[in-house]
Amino acid sequence: MTDSSVLCDFLPLAGEWRRRQWAGLGVAALAMSVVLVAFILAGAFDPARYSDAAATLLRLAGDSLPPDFGRWREWRRPLAETLATGVAGTALGALLALPLAALAAENVSPSIRLAQLVRLGLNALRSLPGLIWGVVFVAAVGFGPLPGVLALGAHSCGMLGKLFFEAMEHVDPGPGAALRANGVSALGVFRFVILPQALPRLTDALIYRLEHNLRAATTLGLVGAGGLGLEIVTAFHLFEYREASALILVLLALVTLVNFLGATLRRGFLNRA
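The UniProt record's numbering applies: residue 1 is where the sequence shown begins, and numbers increase by one.
Incorrect hints may have been included.
[Stated by the list, open to error] Okay, the calculated beta carbon distance ranges per label pair:
no., residue 1, residue 2, range
1, 192, 60, 55 to 61 Å
2, 23, 116, 43 to 49 Å
3, 95, 196, 17 to 23 Å
4, 174, 203, 33 to 39 Å
5, 114, 50, 50 to 56 Å
If you're looking for bench data, these hints aren't it; they were derived computationally from the structure.
Just so you know, even glycine gets a beta-carbon here, dropped at the ideal spot from N, CA and C.
Throw the hints in and build the complete structure from the sequences for me.
Printed below as a string of structure tokens:
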């Protein structure tokens with residue numbers, strides 16, 4: 001092979017590499033421009049916003065120390081409400097998500113059109129943040145843990161439904177096809193083939209969602225859904241910063257415990273699987 005033939009083979013490759021390089025630089029420049037515009041619109045480059053921020057934060061930190069745990073007995077019920085809201089909201093979302101995911105999975109649903117319609121519904125459920133769902137259900141059923149359960153259930157249904165049907169669609173199709181060839185019904189294939197194969201991923205998604213909801217249950221208190229979040233907001237409104245800092249420490253301890261338990265459950269399940 002002559003040098004000229006090698007050069008002729010190399011030039012198209014070099015041109016393609018150069019085009020890809022310029023395309024990558026263009027995408028990177030566009031992404032940086034979008035990020036820059038986002039920071040500008042958020043006022044991140046306004047010096048006046050930061051002029052007194054450090055002094056205010058230091059003063060707030062000084063007013064919050066030492067934490068005041070004097071009312072800890074009165075926090076037991078809000079803490080229980082937060083835990084109950086997270087657990088019940090996750091359970092509600094999972095119970096709704098499993099049948100909807102089966103209808104949304106193309107290898108399970110009786111028709112592709114039905115699967116697409118169910119996916120649109122799941123997308124609508126998860127498009128609204130949990131706090132917005134909280135506002136909606138507080139207006140519908142009043143204050144307390146119940147609107148928090150309904151809000152977490154609605155959002156969790158959308159999120160878990162998506163994760164569940166994706167897990168169902170990624171199972172090995174071979175065993176299911178063999179059972180169908182032997183006359184097993186679609187329900188039987190789902191029960192004995194698809195669901196057992198997808199179960200590890202379903203369980204992992206459920207544990208992760210439980211961790212998320214136990215944290216989110218606190219933020220729902222900001223809109224009147226009870227729990228520790230409502231206690232924290234009330235303490236700040238009454239300028240009880242020492243009590244608020246104590247409640248935040250309780251919240252941090254709760255989140256740390258939830259993360260530890262979630263990781264332990266996940267490891268235990270994966271070891272068994």
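Consistency of the hints with the structure:
Roughly 59 Å separates the CB atoms of residue 192 and residue 60, a value that falls within the hinted 55 to 61 Å. Checked against the hint of 43 to 49 Å, the C-beta distance between residue 23 and residue 116 comes to roughly 32 Å, which is inconsistent with it. Range check, residue 95 to residue 196: Cβ separation about 19 Å, and the 17 to 23 Å hint holds. The supplied range of 33 to 39 Å is broken by residue 174 and residue 203, whose beta-carbon atoms lie about 23 Å from each other.
The given range of 50 to 56 Å is respected by residue 114 and residue 50, whose C-beta atoms sit roughly 53 Å from each other.
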